[in-house]
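**Student:** Residue-level listing of the chains:
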Amino acid sequence: METKTMRRSVLRAFTVAMAAAMLRPLQLLAGPWNKAAFDARAVAEALKGIGATATEDSDRIVLKAPEIAENGAIVPLEVASEIPGTQAIYILVDKNPQPLTAVFEFANGAEAFVATRIKMNESSRVRILAKAGGKFYATMREVKVTIGGCGA
Amino acid sequence: MADPMKIRTQLKGDVADVKILLFHPMETGLRKDGVTGELVPMHFIQTLTATHNGRTVLEAQWSQAVSKNPFLNFRVRGAKPGDKIIVGWVDNRGDKASIEATLN
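So the protein sequences, as listed, match chains G and C. Each residue of the first sequence is one higher than the one before, counting from 1 in the numbering used here. Each residue of the second sequence is one higher than the one before, counting from 153 in the numbering used here.
There may be inaccurate statements among the hints.
To spell it out: a stretch of chain G is covered by chain C in this simulated footprint if at least three of its residues, at any positions, have a beta carbon under 8 Å from a beta carbon of chain C; those stretches are [what the hints assert, rightly or not]:
| hint | segment |
| --- | --- |
| 1 | 58 to 65 |
| 2 | 91 to 103 |
| 3 | 116 to 124 |
| 4 | 131 to 145 |
Honestly, the hints are just simulated from the structure, not real lab data. Here a beta-carbon is modelled for each residue, glycine too, at the ideal position from N, C-alpha and C.
Please construct the entire structure, taking both the sequences and the accompanying hints into account.
**Tutor:** See below:
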């Protein structure tokens with residue numbers, strides 16, 4: 001009786017281990033997605049969602065963005081953080097329906113640099129955050145949009 | 153989809169400059185179909201991971217406000233010819249793709 005129970009529990013442990021092993025390659029591709037922060041409709045709520053309740057303005061975050069973006073569907077951004085030990089860069093668009101646009105976490109020799117293209121619904125402040133040593137630093141820039149890009 | 157992404161790498165000293173272009177609609181859920189007038193459901197890449205010789209170098213999370221056919225440029229230090237860069241993504245429907253490049 002006891003042997004049977006033990007065998008059963010060993011089998012169960014083995015099944016769980018197998019399932020975990022099978023899930024691993026999937027997890028490599030699908031990291032966690034911060035639903036609470038991405039669903040947030042207000043900047044303060046999005047900042048809370050990523051744990052950035054306090055930010056310090058910094059001129060060591062270099063943001064290249066157009067002054068005027070004619071097409072809000074394609075706004076090119078280039079961000080580099082010169083803050084030592086930068087672990088992550090966050091892109092927020094204050095006036096987009098959901099302000100949090102992208103999170104980039106760096107590891108194992110990746111430079112704190114990223115260039116991408118985003119959508120902007122209307123003229124807005126673009127807010128870049130850099131996380132270093134558990135602290136959040138921020139830089140902001142107004143970008144004027146001629147034609148909004150969220151319904152595009 | 154025949155070719156869901158493209159990758160271009162350039163080695164400058166020991167820094168690998170990686171540029172990728174993904175073919176994805178990145179639907180916001182706010183766009184109306186031109187023919188039916190119905191809202192097109194949200195469909196966008198949520199997570200993207202890049203590895204350098206098997207070690208994770210970049211983990212990205214995106215909203216629907218990353219542009220259609222996303223472009224991404226990132227850089228990795230400590231790279232040398234022959235090293236492998238792999239980039240993979242997963243969208244909100246669970247669709248995924250990955251691409252590999254060898255530095256030279």
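**Student:** Please go over all the hints and tell whether each is borne out by the structure.
**Tutor:** So, going through the hints one by one against the coordinates:
1. 58 to 65: As far as the segment 58 to 65 of chain G goes, the hint is violated, because 0 residues have Cβ atoms under 8 Å from chain C.
2. 91 to 103: holds (count 8)
3. 116 to 124: It holds, with 5 qualifying residues against the three required.
4. 131 to 145: Result for this restraint: violated, n = 0.
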